[in-house]
Amino acid sequence: MQESFISPLPFPFFYFNLLLSSLVLLLFFFSFELALAGTLIAGILLDLQSYYFFGLHILSLAAAIVLAFLILYKFFTNRSLYSLMLLSAIATAAETIARVILLWVANLFNESALNNIISWESWLYPIIFNAVLVAAVFYLVHYFSTKVKAVFITR
Amino acid sequence: MLKFLNKRIILFLSSVFCIILLHYLGLLRPLENYAVAGLKPLEKILYQAGAGVQNFYNRETNDQNWEKISKDLEQENKTLLAENVRLKILEDENKALREQLSFFTRNNYRQTTANVLMVENNKQERIITLDKGADDGVKAGQVLIAGEGMAVGKTFAVQKNISFGYLITSSQCELAAVVLNQPGTSGLTAGSMGLTVSLNFIPQTEKIDAGSIVVTSGLEPGIPRGLVIGKITEVVKESNDLFQSAVINPAAELNGPRIVSIIIN
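Each protein sequence line maps, in turn, to chains A and B. Per this note's numbering, the first sequence starts with residue 15, numbered consecutively. Per this note's numbering, the second sequence starts with residue 2, numbered consecutively.
Hints in this document: simulated from the structure, not taken from any laboratory. Beta carbons: idealized from backbone N, C-alpha and C, even for Gly. Some hints could be false.
[What the hints assert, rightly or not] Interface residues of chain A toward chain B, partial, derived using beta-carbon atoms under 7 Å:
1. Phe28
2. Leu50
3. Leu62
4. Tyr65
5. Phe68
6. Gly69
7. Ile72
8. Ala76
9. Val80
[Claimed, not checked] Here are some, though not all, of the chain B residues that point toward chain A, as calculated from beta-carbon distances under 10 Å:
10. Ile10
11. Leu12
12. Phe13
13. Tyr25
14. Glu33
15. Gly51
16. Trp67
17. Leu118
18. Val120
19. Glu121
20. Thr130
21. Ala158
With these hints in hand, go ahead and build the complete structure from the sequences.
Take a look at the structure:
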């Protein structure tokens, strides 16, 4: 879905990272174990179809989800819209950073190999699109359930 | 809790490293081939749906009248371009026939048709994944063709069942090219920002005009002469440079290509 459907979409929609958003939603609404299982399966499928080295997508997705879980567990609540949006932004940035670092190492620390990957669009657009998607899903869950609060949590 | 958490993360990371290790040892190869082959039909449908959305978006964001006029003209232009190139090549071949008895026609290539499974956009590159691989005779460096002999890219990596290719607008996609009807004016094309193509390394002494058609030169192994790359829109000539260059508008439709042909022999 991510590579076949999202990638051919027009600019800037091809920057939309549906896969990572789905994993963050799994982590937020369900469990860490489910998010890890999703990471493993999605990472393997992406790596099988990728021209980059095998392991790049599994490791970068894993880094993002583990970091997101640690932040969620230590600092955030799993009931607020803002924590979900922030978590999505952190996970998206972490996935990009992990991917860039892994490619940098795989290219024997050759920075020129990263020129095609590092651009402000490839950082900003996924963060914005993913935050909007998770917010939309959050409101959907809020509509059907009382588990989450749409604005601020009152103590 | 933290101890339990660490155990889960360690267990997960161990599984990841085991899978990566087994992949590089080749022990997962049969399973991977099965997964790749099994995913192909779904990927094809999803890719075509994505490309359909892109075409719809492009249509809706353009002015309707201009879009129709432009589309008609573009189609007519492409037909004339292909016809023109075909006739020019026939003329050249006719001349060559007088000199060589062992002449082979340009349609004598062995080719295979591949569906585009996905396209990946980077800052400078547009990379397509094709559903044909080494088993179908695909090798790295083979030219990708769309429509009536229009070069759209080149393969650069091949696996058992799938292959990867750069579109001609990618900076990594280089093709030996020549300006039609000007045999001395040869150069090397390279994509620019995933949008246009440049013809580089043209000697300063050569005269090139905007509107000229650029085709493959046939100097690269496995890539025949006469595949249309595009039309020159601008000539960049600096008096203190060794070479001049030209900006080419690609002839082929590069937004959401669905099917391409690969010349395999």
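Query - Unmet hints by their number, sorted upward, for this structure - result: Hint 16 is the one this structure does not satisfy, whereas the remaining hints hold.
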